[in-house]
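Undergrad: Chain residues, written in single-letter form:
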Amino acid sequence: MSTDAAALAGRPAAPTIKAKTSRDDRIMLGFILVICLYLLITLAFPLYAILSKSFSAFSFNLTNFEFQVDAGEGWSEPLSAAELNRQTGAYSDADLATSSDGRLSVVEFFPDFSFRSPTLYRIRQVNPQSSFLYGSERIADTEWHEYSSNDFRRIVLRPAAALGLENYRTYFSTPSLFRSIENSLWIATISTIITVSLAFGFAYALNRSQMRFKGVFRLVAMIPILVPSLLPGIALVYLFGNQGMIKGLLLGESIYGPIGIVLGSVFFTFPHALIIIATALAISDARLYEAAIALRASRWKTFWTVTLPGARYGLISAAFVVFNLVITDFGLPKVIGGQYNMLAVDIYKQVIGQQNFEMGAVVSVVLLIPALLAFTIDRIVQKKQVAQLSARSVPYEPRPNRRFDSICLGYCSLVAIFIVGLIAVCQYAALIKFWPYNLSLSLNNYNFEVMDGGGWSSYFNSIRLALYTALAGTLVVFVGAYMVEKINGFVATRSAFQFLAMMPMAIPGMVLGLAYIFFFNDPANPLNGIYGTMGILVICTVTHFYTVSHLTAVTALKQMDREFEAVAASLKQPFYRLFSRVTVPVCMPSILDISIYLFVNAMTTVSAVIFLYSPDTTLASVAVLNMDDAGDIAPAAAMGMMIFYTNVAARLIHTFVSRNLVRRTQAWRRQ
Amino acid sequence: MTINSITKSLLLTCVAALLIAGQTARAETELTVYTAVEAEDLARYAETFNKDHPDIKVKWVRDSTGIVTAKLLAEKNNPQADVIWGLAATSLLLLKSEGMLEPYKPKGVEKLDKKFVDKGAVPTWVGMDAWVAAVCFNTVEAAKHNLKPPKTWKDLLDPMYEGHLIMPNPNSSGTGFLDVSSWLQMFGKDKGGWEFMDGLHKNIARYTHSGSKPCKLAASGEIPIGISFAFRGAKSKAQGAPIDIIVPDEGVGWDMEATAIVAGTSKLEAAQTLVDWSITRKANEMYNTGYAVVAMPGVAKPVEHFPDNLLEKMIDNDFEWAANNRKAILAEWLRRYDSKSEAK
Chain W
1 MSTDAAALAG
11 RPAAPTIKAK
21 TSRDDRIMLG
31 FILVICLYLL
41 ITLAFPLYAI
51 LSKSFSAFSF
61 NLTNFEFQVD
71 AGEGWSEPLS
81 AAELNRQTGA
91 YSDADLATSS
101 DGRLSVVEFF
111 PDFSFRSPTL
121 YRIRQVNPQS
131 SFLYGSERIA
141 DTEWHEYSSN
151 DFRRIVLRPA
161 AALGLENYRT
171 YFSTPSLFRS
181 IENSLWIATI
191 STIITVSLAF
201 GFAYALNRSQ
211 MRFKGVFRLV
221 AMIPILVPSL
231 LPGIALVYLF
241 GNQGMIKGLL
251 LGESIYGPIG
261 IVLGSVFFTF
271 PHALIIIATA
281 LAISDARLYE
291 AAIALRASRW
301 KTFWTVTLPG
311 ARYGLISAAF
321 VVFNLVITDF
331 GLPKVIGGQY
341 NMLAVDIYKQ
351 VIGQQNFEMG
361 AVVSVVLLIP
371 ALLAFTIDRI
381 VQKKQVAQLS
391 ARSVPYEPRP
401 NRRFDSICLG
411 YCSLVAIFIV
421 GLIAVCQYAA
431 LIKFWPYNLS
441 LSLNNYNFEV
451 MDGGGWSSYF
461 NSIRLALYTA
471 LAGTLVVFVG
481 AYMVEKINGF
491 VATRSAFQFL
501 AMMPMAIPGM
511 VLGLAYIFFF
521 NDPANPLNGI
531 YGTMGILVIC
541 TVTHFYTVSH
551 LTAVTALKQM
561 DREFEAVAAS
571 LKQPFYRLFS
581 RVTVPVCMPS
591 ILDISIYLFV
601 NAMTTVSAVI
611 FLYSPDTTLA
621 SVAVLNMDDA
631 GDIAPAAAMG
641 MMIFYTNVAA
651 RLIHTFVSRN
661 LVRRTQAWRR
671 Q
Chain X
1001 MTINSITKSL
1011 LLTCVAALLI
1021 AGQTARAETE
1031 LTVYTAVEAE
1041 DLARYAETFN
1051 KDHPDIKVKW
1061 VRDSTGIVTA
1071 KLLAEKNNPQ
1081 ADVIWGLAAT
1091 SLLLLKSEGM
1101 LEPYKPKGVE
1111 KLDKKFVDKG
1121 AVPTWVGMDA
1131 WVAAVCFNTV
1141 EAAKHNLKPP
1151 KTWKDLLDPM
1161 YEGHLIMPNP
1171 NSSGTGFLDV
1181 SSWLQMFGKD
1191 KGGWEFMDGL
1201 HKNIARYTHS
1211 GSKPCKLAAS
1221 GEIPIGISFA
1231 FRGAKSKAQG
1241 APIDIIVPDE
1251 GVGWDMEATA
1261 IVAGTSKLEA
1271 AQTLVDWSIT
1281 RKANEMYNTG
1291 YAVVAMPGVA
1301 KPVEHFPDNL
1311 LEKMIDNDFE
1321 WAANNRKAIL
1331 AEWLRRYDSK
1341 SEAK
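For the protein sequence lines, the chains are W and X, in the order given. Residues 1 to 671 in this note's numbering are what the first sequence spells out, letter by letter. Residues 1001 to 1344 in this note's numbering are what the second sequence spells out, letter by letter.
The reader is advised that the hints may include incorrect statements.
A few chain W residues that face chain X, going by a derived Cβ cut-off under 7 Å, partial list only [to be verified]:
1. R153
2. V156
3. Q354
4. W435
Derived by calculation from the structure, the hints in this document are not laboratory data. Virtual Cβ for every residue (Gly too), placed ideally from N, Cα, C.
Chain X on its own, in the form it takes in the complex:
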């Protein structure tokens, strides 16, 4: 082997190495994204995003809100996620108070409804769509039991509903918690709200673990009335369940699905690209397929089977109050309703 050939082969190696390096640089960044978005929507979300950003691959880690939150908290000192896309804002507030989120002001954030953006100087999370409480009312079963459709929350206190009502347990379900925190905000945090729930408790057949179950149970006639959320109700109705979705007059609690960057991610740039994209008009239109209320005003088209007065009935939800009082509220709820619920 001559010097020349050595130089040649060295050169070739260098070129090859450069080529490979160039390849990897152009090749995709993979983001680990934690989410609680319904399984059937995930592929569509990633696909739409990849149309604009083919170089960023989304690796979904999906579970229910409670489990994703527990997982994130458990990984507090060793975060595995890069981005959270589609988790309840109340959960994100919890993570924020643990210092687990990276503040970032996404491009175009000013176009969003203020309600949907974190109040911090540099926001740590931005909302996607709202997830609104509603009552699923099975007309067939109600007729069997002679139940009138309730118009307001307070209507549900009527003794005729006794044993015909079901709602999620706020200790295990995000939907349950948003119901409870909205009643406290609407009817009085110290007394009124609890008095309402005392009355409601008399009529409740049982509390479920998950938030979608009451509506599905109402849809299958297992119980005439399920306190759940509108999105679930619309889906069940589309499947042919004999239910009406009722939005009580006093107003309804809501939470939003939101997006945030996990502090400590090594792929900050790609994460920021994803968050920027997640608040674009296109993304909002994408959320609108399932959700009637989205973060960007003027985007939402009515969704089939969704009650049309939903937006005006959404209460002015104080997320910060709810997050900071969550523990106390849940403890009080447990004391009042869970310890009473032994065998009849």
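Just chain W, with the same shape it has in the complex:
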């Protein structure tokens, strides 16, 4: 670009040729701008709000408070607290940085203070920017207030808000907070290594063997997608907790902590890794294997020199996806993490436990960094992968090999038992009357009305949320993808849109949810009205899962030749007719995929909505968390299983509808 400009600079300016924008293009641009605006409001602005919140520090402004003392000789000259602090050295700078809940005792400014002495004290604020408390009475005016020494010891100063780096300083000087960074990175790394290896083995067996039951294994491997990430945690408690069924297997180690988090993370990230790696393995070229055989390379050597390098981009991509899922997950470490602090749980603890929104914002920003890094590297790697495929590739067809096939079958069975086992344990636990003392079966645990979490209405709210999300989300995503894919010109707008559409993937749900509080709960925000409604949950969920849906839509649209547009234009057909008559029917399978993806995720998501649900919009997934939190673990498992069955039903309906639709709309595909 710049070299061109430099080259051109010496010459006389040539008239630039600009393609004429048609009316269609202008309408499409309008659509793109609307969806851009949507993403700005639901993503960029809230993130800005969280960033600025993290810089909103609270500190005691000592110059704003003045004191007078009467020790029997009349009132002394007013002295500011800053001056007194300089004289006495009562508080260091670190003591003065605080949070919104900070209080500072004033008697420390008077070394000879005794609550028995007859001395009188006066205090006032110079400017009404902060306040002080007498006991718990808030005093915010600028009058002098007089107290006996016995009353004076009840005075505490309150902080004022200011902009600054104080919160970050506090964060990095509190070991219990910043140690979570190390913990989170460590857990994410370990889980990534285990999950990717396991998923690679599984994908390898599916793609490179002739074992039986491949279809069953494919289905089983997808189960974890259908449940909230904290459900495996609950199952692990029943398996390995102190009253666990097979607790002995842990050899005395506690499941509450890293072991539990890693086991659960492997469970819920497995299908994500499997999809990516299986795709990578499926595209490998059979000609390379023929060459390897011709060169008499051993199987082992072929594996290291052909298979692995061929799948390397898939492996790297899977690794980063898993890493990101684990480091940003909140439900699982909350349930099974015990004393092992992780970043995502810290955000929850700061906000819900201590009402320290500012520190919650700081942890969010910290959590954003590894998530963004993992995301960026993954994008770079994925771009390279495209070059791997060539038109002359021949798909690899595995040959039967009894020994190898039975090893594969055994391995996949083990993984399948792990997955099905955890789910089965949850269902079993949900039906037990009182674990472990009364093992008779009962449906008591389904009586959600008497527990925390919102009762059965939270289950129906979740279904509503999932339906709305699937409908609204699919519409927004597909229209957006279509416009940005098929519009002519407007390169800058298009790339801005692409960037916005990719961003949600890098944003952890907890961060998004907290950002929404700051942005939408601000009374000055004209959109304040949606706070606490189903609307904000739908918007948040659509935005949270925007990227994958968008990529699915773009992939489907890229398969459609741009000549359709050219033909339509030459026949003087407006783009919307083409869109509704051709594009949508052709892309129907992908559209249905997007909607089921959004539905399932809306049913299971916890992290983003935990800060946003209101008493009228409690959700099943949040209820699982809250019931577990209150110690009602069996009902939590019961609700988790309700989510599972609902998602299974949704999947079945989806399969049924897709088949029918495909038969009707995709007949052209079968030449």
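Use these hints to put chain X onto chain W, whose structure you have.
TA: Just chain X, lined up with the frame of chain W:
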């Protein structure tokens, strides 16, 4: 249309309008009430209240103490609630210090135990019932591990309890905080209390996020001893859990559920009616169904499975001290116990 008919129709309209206006005036006022009272009690509370005041409708907004408090603080400049009915007094003190509560002296407040009324000239909140710390002790699991039931808090320091004890994290749980603040008040704010907790920390298996979980975990045998609150223990015991509820001899910390009017409410009159009612004898009897200690002396009847010496064991809790030192206490707790708790 003649003048006459116009006047007639105008008149009719006026009458209709008046009728509608009268209707709405008589129709119910809806109060948005924030609460942390257990879900299963809410409908009963509203029903009993509506027997006396059918014209005021209660719209509950319920969540756990921490979340309701966070919600109220987040709405500081744009309050959504009219009344808070059933939130921890420590939380209300926090809200009070933010100037978010409307001072109001409810009718008949003098009949309540002084402990249960805000000390301000015009009280900003009034208590309902007490929520008392206790130890849930699973007799079946304890027998398996040969554990003797503890009589005092200090008994829990015995090495035989190592790994068999669980308590809520004071940073996320109100119950956890009232335990910690009561130990500091009983054993010494500067040293003794922390020394006790240092010892206790050695025996603690882990800290939970919520205050009821330790007792539920003890009830399910996941851990033999859970430091929790008596109300929860009694409920678990009623469900058939093999637990004893122990009230340590030194005394126990407590907090109360309390009621307050949110400053800035546009329905002040209805709010005041609700608060007046919330401290009546009838209301106190209603609280007594679940809670053994209520604000009006002489009302409480013993609640099944509740330890009977509870009232005398409640310490003289200094809520103001606890609220004003909360941040410092929690920071010290984090420094001592949370940073140590990485993987073993």
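Undergrad: Work down the list of hints and note, for each, if the structure agrees.
TA: The hints, checked one at a time:
Hint status for W/R153: violated, given a least beta-carbon distance of 11 Å to chain X, over 7 Å. With a cut of 7 Å, the hint placing W/V156 at the interface with chain X holds, because the nearest CB-to-CB distance is about 5 Å. For W/Q354, the shortest C-beta to C-beta distance to chain X is roughly 6 Å, which falls under 7 Å, so the interface hint holds. The beta carbon of W/W435 is positioned within 7 Å of a beta carbon in chain X (closest approach about 6 Å), and the interface hint is therefore held.
Taken one by one, the earlier hints fail for this structure only at number 1.
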